[in-house]
Each structure stands twice: as C-alpha cells, then as structure tokens.
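Trainee: Sequence:
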Amino acid sequence: MRIIIASEIFPPDPGGPATYVTRIVPELLKLGNEVQVVTYADVEESTLENIDGYKVFKIPRQTNILFKYFNYFRQLHHLAKKADLIYAQGLFASGIPAILVKWFLNIKVVVKVVGDVAWERAKNEYDIPELLDDFQDKKYSFNIEVLKYIEHYIAKNVNTIITPSKYLKSIISKWEVPDNSIQVVYNSFESLNTNNLEKEKNNLLYVGRLTNWKGLEAIIEVIPKLKDKYPDILFNIVGDGPLKNNLNNLINKLNLENSVKLVGQVDHDKVGDYYAQASIFLLNSGYEGLPHVLLEALASSVPIIASRMGGNPEVIEDNINGYLVEYNNKEEIFTKIDSLLSDPSKQAEFIEKGKEVLNKFTFNNMVEETNKILKNI
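The sequence shown begins at 0 in numbering that gives the first Met the number 0 and counts up by one.
These aren't lab readings, by the way, just hints derived from the structure by calculation.
Mixed in with the good hints there might be a few duds.
As the list claims (entries may be wrong) - Derived DEER-like restraints, expressed as beta-carbon distance ranges:
#, residue 1, residue 2, range
1, R120, K200, 39 to 47 Å
2, N244, P11, 22 to 30 Å
3, F141, R1, 39 to 47 Å
4, K359, D133, 23 to 31 Å
5, P223, D268, 33 to 41 Å
6, N318, D268, 32 to 40 Å
7, N251, N142, 31 to 39 Å
8, E351, E199, 31 to 39 Å
9, D337, K252, 19 to 27 Å
10, K228, S140, 43 to 51 Å
11, K200, Q264, 24 to 32 Å
Even glycine gets a Cβ: it sits at the ideal position worked out from N, Cα and C.
Taking the hints into account, I'd like the entire structure generated from these sequences.
Mentor: Here is the structure:
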C-alpha cells in the first residue's frame with residue numbers, strides 16, 4: 000500500500016505527534032507499505048530529506064497561513080496522484096489540506112484525532128469555564144463556532160478516524176460522525192532511561208503542559224497540609240505552558256518555594272530521572288484523551304493518583320492499579336496522597352498491577368491495529 004503521512008510536526012520538533020510518526024513509519028515499511036511524509040518545518044524553502052528508507056517533504060511554516068497551507072496542499076496533491084491513501088495527523092494543519100486533496104483526487108483519507116482543538120483554543124484563549132463534555136452542546140462566539148464547524152466538517156468527510164481512547168470516540172460521535180468510522184487504537188508507551196536512580200521518599204511528580212485544565216493549583220493548595228505531616232515533601236512539576244506565571248505566584252503566596260519546584264521543560268532522555276525518583280505521579284486533569292504520561296508512570300513503577308476524567312479510567316482502575324479522584328476535589332486529593340505515602344504495601348500493589356495493564360498498550364499492538372485499519376479502508 001502506498002501511504003502518505005501528512006504530519007504537522009517532525010523531529011527535531013518536540014512533541015508526541017513527531018515521535019509517533021518517526022516510530023510508526025519504519026514499522027509500516029517493514030509490513031510492505033511504501034510511505035512518504037509531508038510536514039511543516041523551520042526551513043526557508045520546501046526541501047526533501049531521505050531518512051532511513053523514506054522521503055520527508057518539508058514545507059516552510061514561517062509564512063502567511065494561507066500560503067503555508069497552499070504549499071502543503073500542492074505537495075500533498077502531487078504525491079497523492081500515485082498513492083492509495085493519506086494518513087493525516089490532525090484535523091487542521093494537516094487535515095484541511097488532506098480533505099482538499101480528497102475533493103480533487105477522490106483519494107481515501109484517514110485522520111488521527113487526539114483531542115478537540117476547538118475546545119483547547121477556547122479554553123486557552125477565551126478561558127471558557129466548560130470542560131470538554133459540556134463544550135460539545137453549547138454555543139460560543141463566532142470565532143469558536145467557526146473552529147467547531149471546520150473540525151466537525153473534516154471529521155464527517157474523511158473515510159476513517161483513528162483515536163486513542165474510547166472516551167475520545169464518544170466525543171467525536173457527538174460531531175455526527177458514524178460510529179463505524181471511528182476506530183480506537185491505544186497509544187503505546189516507551190520505557191524511559193532512569194539512570195538507575197533510586198526512589199525518594201515523599202516525592203510527588205507531574206509531567207505535562209501547564210494549562211488551566213490540568214488542575215495543578217488544587218494540588219499545590221494541599222501541599223501545606225501535607226507538609227505538616229511530611230515536612231520533606233517535594234512536588235516536582237515538569238513541563239512548560241501558559242499557566243507557569245500563575246503557578247509561580249501561587250507557590251510564592253503559599254511560601255512553598257522549597258516544597259514545589261517548577262522544573263520547566265526537560266529533554267526526553269532526562270524525564271526518566273524524575274519518574275525514577277518519584278513516590279507518586281499526580282494527574283488532576285479536567286480533560287485527557289489517553290494520557291501518555293500515565294503509561295510512562297506505570298512503566299517507570301510509579302504509583303498513580305489521577306482524576307476520574309476523560310481517558311484516565313481506561314488506564315487506571317480505581318484502587319486496583321492506582322487511585323481515581325474527583326477533579327479538583329482538594330479534600331479527596333489530600334486524602335489519597337496521604338493514604339498512599341503512608342502505605343508502602345499499597346504502593347507496591349499498585350506498581351505490580353500497573354505492569355499488567357501495560358500489556359494492552361504495546362507498540363506492536365498499535366502498529367498492527369493501525370496497519371489493519373489502513374489496509375481495510
């Protein structure tokens with residue numbers, strides 16, 4: 000099968016989608032497919048690179064948005080004349096050019112949907128109070144409604160959508176997409192290098208973007224109470240994002256400079272060090288598709304406390320391989336952290352059960368299921 004992967008980022012760009020493409024392309028090649036990649040990049044003019052048996056066409060991203068999309072569409076259209084399908088990695092920057100090519104050439108298009116871009120933009124730029132589920136049924140400003148319309152239109156007009164959780168499938172179904180057009184393929188995990196570091200007592204960890212739906216403020220606000228019982232408690236927040244200044248102000252306000260650390264963005268090969276030393280991984284998020292960080296925590300033998308939201312319950316079964324809590328419920332967050340810190344046997348139980356859960360998130364499963372979907376369209 001001749002496949003074009005329409006990506007939005009590609010190494011050296013950081014991020015999950017870039018890593019996903021570089022991991023899955025070699026496997027699709029091994030299965031007898033021909034694969035080419037089109038992506039945006041920090042280049043002055045369109046360039047071609049040959050990487051490990053496949054071609055990567057890089058389109059300049061630092062241009063006018065219409066010009067950028069046109070150049071991407073033109074390259075995609077040219078390659079699609081000799082291809083069987085396009086596998087786009089998003090609904091906007093790669094999905095829009097892909098659906099335009101579909102109009103002209105009637106080529107099959109598969110899109111990977113890992114979240115609701117319209118909601119994320121509305122949450123970040125307009126600070127709407129609604130979480131993802133409530134967002135689906137409400138009306139907003141013209142700009143937000145345009146984003147919703149584009150997102151839903153593309154989703155309804157591609158051949159198949161691949162999404163990483165049953166929760167996200169339920170969201171996409173609300174966009175009037177036929178149920179049989181949405182396929183769930185779980186993400187896989189990659190074991191991290193931990194440099195043989197030992198766990199530290201009373202060490203809490205969060206890894207991810209610093210955004211206003213991640214619930215970090217609620218965790219920080221229970222640290223003073225935890226500190227009364229665990230004076231040496233440390234909460235490492237690894238990542239960057241628009242909420243950084245707000246979190247820093249809250250830390251200073253509560254005099255927690257020695258107990259809560261905004262570590263910032265960390266290179267991928269160093270993140271494992273933080274998991275290795277953590278006693279508990281915390282994810283008090285108001286929305287998650289299928290959180291890769293939970294898989295990393297399980298693979299790194301770190302007990303987990305996560306919110307009962309989004310795709311989290313597809314990874315964590317309450318009181319079996321971790322604790323699930325109500326989003327932003329500070330009393331419950333405190334109780335579960337306290338309970339787990341004071342019970343090493345429970346930590347060991349969660350770690351053991353967590354290893355079993357990882358069996359359904361293997362890389363081989365992801366590749367085989369993805370290849371099967373692409374072949375059977």
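Trainee: Of all the hints given earlier, name the ones this structure violates by number, lowest first.
Mentor: 8
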